[in-house]
Every structure is written in structure tokens, then in C-alpha cells.
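Taking the hints into account, I'd like the entire structure generated from these sequences.
Just so you know, the sequences run in chain order R, H, G and U. Mapping of the first sequence onto my numbering: residues 1 to 153, in sequence order. Mapping of the second sequence onto my numbering: residues 1 to 153, in sequence order. Mapping of the third sequence onto my numbering: residues 1 to 83, in sequence order. Mapping of the fourth sequence onto my numbering: residues 1 to 83, in sequence order.
I should point out that these hints are in silico values taken from the structure, not numbers from a laboratory. Each hint should be verified, as a subset may be incorrect.
Here are a few chain R residues that face chain G, going by a calculated C-beta distance under 10 Å [to be verified]:
hint: 1; residue: Leu53
hint: 2; residue: His55
hint: 3; residue: Met116
hint: 4; residue: Thr145
Quick reminder that beta carbons are idealized off the backbone N, C-alpha and C, glycines included.
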Amino acid sequence: MAVRVQEADFDMGAELAALSAGNRRVGALASFVGLVRDMHVDGDGQPVSAMTLEHYPGMTERQLEAIEAEARARWPLEDCLVIHRYGRLEPGDRIVLVACASPHRDAAFEACRFLMDWLKTKAPFWKLEETPEGRRWVEARDSDTAAAERWQG
Amino acid sequence: MAVRVQEADFDMGAELAALSAGNRRVGALASFVGLVRDMHVDGDGQPVSAMTLEHYPGMTERQLEAIEAEARARWPLEDCLVIHRYGRLEPGDRIVLVACASPHRDAAFEACRFLMDWLKTKAPFWKLEETPEGRRWVEARDSDTAAAERWQG
Amino acid sequence: MRLLYFAWLRSKIGLAEESVEPPAGVTDVAGLVEWLRGRGPGYADALANLAVVKVAVNQEYVPFDHPVGPGDEVALFPPVTGG
Amino acid sequence: MRLLYFAWLRSKIGLAEESVEPPAGVTDVAGLVEWLRGRGPGYADALANLAVVKVAVNQEYVPFDHPVGPGDEVALFPPVTGG
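Laid out in C-alpha cells, this is it:
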């Protein structure tokens with residue numbers, strides 16, 4: 001289990017390989033990488049030249065650890081990893097990596113999606129986009145809230 | 001779009017990076033890696049020391065290409081990749097990589113899971129396990145058939 | 001009491017953090033927000049619509065009726081947009 | 001007609017592939033299977049339970065009533081277990 005909040009990029013291959021290294025019970029490794037797009041998330045056609053990710057140091061790690069512990073309680077995971085970057089990022093840059101290793105593929109897929117849905121609605125990060133019309137804070141999306149609510153109750 | 005059937009291992013980091021390289025529309029990259037476990041898939045406790053993956057050259061590529069084309073018709077994918085190995089593999093070795101790049105995370109996750117479910121039930125591969133009691137052909141699992149049927153109709 | 005502001009709440013208030021000593025009548029988040037609104041137009045603007053303000057006390061999400069006291073770290077920020 | 005066998009069908013039949021010329025009465029997969037069963041105990045054993053036999057003609061999955069002819073590549077194999 002690991003949660004990392006960092007400014008630097010990460011090595012996808014090395015991180016994923018480490019999750020199953022030496023553990024012969026891992027049959028399934030599901031992962032997700034989020035990247036900066038050159039267009040605003042809601043598809044209003046506004047081009048994005050860069051974004052800055054602000055976060056709440058301390059609370060971020062706490063929330064990510066709580067989310068990860070919840071995933072491990074719900075699914076039989078051998079290991080799992082969340083890396084979230086902060087600072088200034090450009091289109092094509094990686095923002096986040098979530099990866100789950102399990103004996104079973106359903107558990108690996110579900111836990112990975114659960115972690116992404118919760119991270120989008122619970123982890124204290126905020127995106128400031130740079131567009132030709134100036135900087136603007138990205139607004140939270142109802143669809144993300146709805147996605148996270150699927151996992152409740 | 002790419003489908004590869006090969007005996008050699010693959011470089012996860014390089015393969016995943018290539019899927020979004022130079023494409024600023026990719027915001028989501030979901031992937032799955034299947035690995036050889038040291039225990040029989042049905043959990044009967046039988047240890048597995050190695051397995052040999054046999055396939056049907058020609059039909060394998062054809063089926064994988066058809067499955068991938070179906071995924072691209074169903075979801076807005078910027079790119080997708082399926083690599084499946086054959087030959088003798090040991091516990092901890094990678095068997096398969098499926099990865100889908102999309103503007104949206106739901107599409108990337110769904111397409112990735114769809115590809116794995118179909119690959120398990122349609123791609124002509126057969127596993128021969130080596131156990132202390134000898135070699136045995138792995139039997140198809142009803143749960144895989146059920147998983148694939150979710151995507152029909 | 002230590003206050004932290006993030007994203008556009010920080011921009012509007014013009015501060016990332018501050019230490020305050022609210023009057024004794026301020027016992028919960030709602031009371032604190034009401035008191036902060038009176039501190040200036042930046043605060044009033046930032047805290048005008050509480051539907052888009054989230055609160056954490058000591059780094060845990062809480063509702064507006066959650067108690068606050070002198071030793072607490074209280075953070076005010078918009079709905080999160082990471083991932 | 002080119003026949004291919006995989007996995008335990010190959011082991012039981014003892015061949016990975018062969019070229020055959022079935023009699024004119026063999027016009028579909030079911031007829032071909034019936035004719036193959038008569039070729040020896042290995043074939044009869046491999047093709048005893050068609051619930052665990054899949055068929056591809058020219059590398060596409062087909063049902064047992066699918067027609068087969070002289071130029072076809074016909075593969076018989078168990079349900080797949082890759083991934």
C-alpha cells in the first residue's frame with residue numbers, strides 16, 4: 001500500500017512492475033493514468049495551455065490513505081498505489097496514477113475505478129486552467145459526484 | 001490501434017506511454033495486465049509451477065482485431081492496444097496487456113474491461129498448467145462466459 | 001484558531017492562511033463563517049454561496065454545524081477537482 | 001480440407017493438423033465430426049462431448065450446422081482459456 005503526493009512525474013512501468021514484484025498471488029493488475037488534455041473538461045471548446053494543481057498538504061495524504069484503506073476493505077487486493085501530482089502541468093503530462101493488484105481481475109478493475117471516483121470527489125485538489133481568456137478555476141462536475149455516489153450504501 | 005501476439009515479454013511503461021504520446025486529447029488511460037499466478041485459477045489449492053500458452057496463429061490475430069474494432073465502435077477511444085503472449089510462462093510472468101486511451105475515464109475503463117472479458121472467451125488461447133500431479137489443461141470458467149455476456153444485446 | 005483558504009476562496013479573501021480569535025459566541029462552522037463575512041468584502045464575496053464551499057476541521061470533512069474551538073485547523077475551499 | 005486441432009483435442013487425436021478428403025455426404029461441421037469419430041478411438045474420445053468442442057471455419061467461429069467444403073480450414077478446439 002502506498003499513497004504519494006508529489007510534484008515530479010512518475011515512471012509508469014517501474015511503478016506497475018513494483019506492485020506485483022515477488023508476489024505470485026497477483027493475477028490481475030488494473031491501472032489508470034489521468035493526463036492533462038488541451039481542452040477544457042466540459043468540452044466547451046476552450047483550449048487549455050497549462051494547468052496548476054493546488055492541494056491541501058496533510059489533508060490530501062490523509063484523504064488518499066482513507067480512500068485506499070476503504071478500497072482494501074472492500075476488495076481482496078494484494079497491493080495498491082495512488083500517486084497524485086501537484087504544481088504546473090502541461091497538456092500530455094500525467095496527473096495521477098491509480099493501480100490495484102489482486103488475484104482476480106474483477107476486484108482489480110472495480111477497486112481501481114472506485115479509487116478514481118472517490119479521488120475525484122474527496123481528495124483536496126483544485127485545478128487552475130490557463131486559457132486564451134485567462135486563468136480559471138475548474139468547476140466540480142456533477143457527473144463525478146454521481147460516479148462516486150454509485151459506491152455508497 | 002494495435003494487436004500483437006508474441007512470445008516475448010513487453011515493456012509496460014513504454015507501451016502505455018506510446019498510447020498517449022503526442023495526442024493531447026487523451027485524458028484517460030486505463031490498462032490491465034494479467035500475470036501467471038502460482039495457484040490454479042479456481043483456487044483448488046493446486047500449486048502451478050509453470051504454464052504453456054498455446055494459440056491458433058492467424059485466427060488469434062483475427063479475433064483480437066475484431067474485438068478491438070468492436071471496442072472502438074462502442075466507445076470514443078483515441079487508441080487501444082492488446083498484447084497477448086504465448087509459449088511457456090512462469091508465475092509472476094506477464095501474459096496479457098490491454099490498454100485504452102480516451103478523452104474520458106468511463107470510456108477508457110469500460111472498453112478495457114470489455115476487451116478483457118471478450119478476450120477471455122473469444123481469443124483462441126489455451127493454458128496448459130504444470131502442477132506436482134502433472135500437466136493439465138485449464139478448463140474454461142462459467143464466470144468468464146457470464147462476464148462476456150454482460151456486454152451483449 | 002488557524003484558518004486555511006484554497007483555490008478561489010484563497011484568491012477572493014486574498015490570504016492563504018491566518019490565525020484568528022473569534023468572539024466566544026462563535027461555536028460552530030456556521031457561526032465562524034457568519035463572523036468571517038463581517039471582516040471585509042473579500043470574505044463576504046468568497047462566502048456568499050455556501051453551496052460551493054466545503055469545510056474541513058483538523059483535515060476531516062465536516063458539516064456546517066460542526067463545532068469549532070481555539071486549537072482547531074479550519075479549512076474552507078471549493079468542491080475538489082483533482083484526479 | 002485442412003483440419004486443425006488444439007489443446008486437449010490435439011493431444012487426444014495425436015495430431016496438430018491434417019489434410020482430409022471426407023466423402024461427398026459430409027456437407028457440414030456436424031457431418032464432418034461424425035465422420036471423424038469413425039477414424040479411430042482417439043478421434044472418438046476427443047469428439048465424445050460436443051458441449052466442450054468449439055469450431056472455427058476459415059478462422060471464424062461457426063455453429064455445428066455450418067457448411068464445410070474442400071477448400072476450407074476447419075479447426076476443432078476446447079473452449080478458450082487465455083487472458
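* Asked: Taking the closest Cβ pair, is Thr145(R) under 10 Å from chain G?
  -> Hint holds; Thr145(R) Cβ to chain G Cβ min 8 Å, cut 10 Å.
* Asked: Regarding the hint that His55(R) lies at the interface with chain G, is the smallest CB-CB distance below 10 Å?
  -> holds (7 Å)
* To do: Using Cβ atoms only, decide whether Met116(R) comes closer than 10 Å to chain G, and label the hint accordingly.
  => holds (6 Å)
* Leu53(R) as chain G interface residue, shortest Cβ-Cβ below 10 Å -> Holds, because the Cβ-Cβ distance from Leu53(R) to chain G comes to roughly 7 Å (cut-off 10 Å).
Taken one by one, the earlier hints all hold for this structure without exception.
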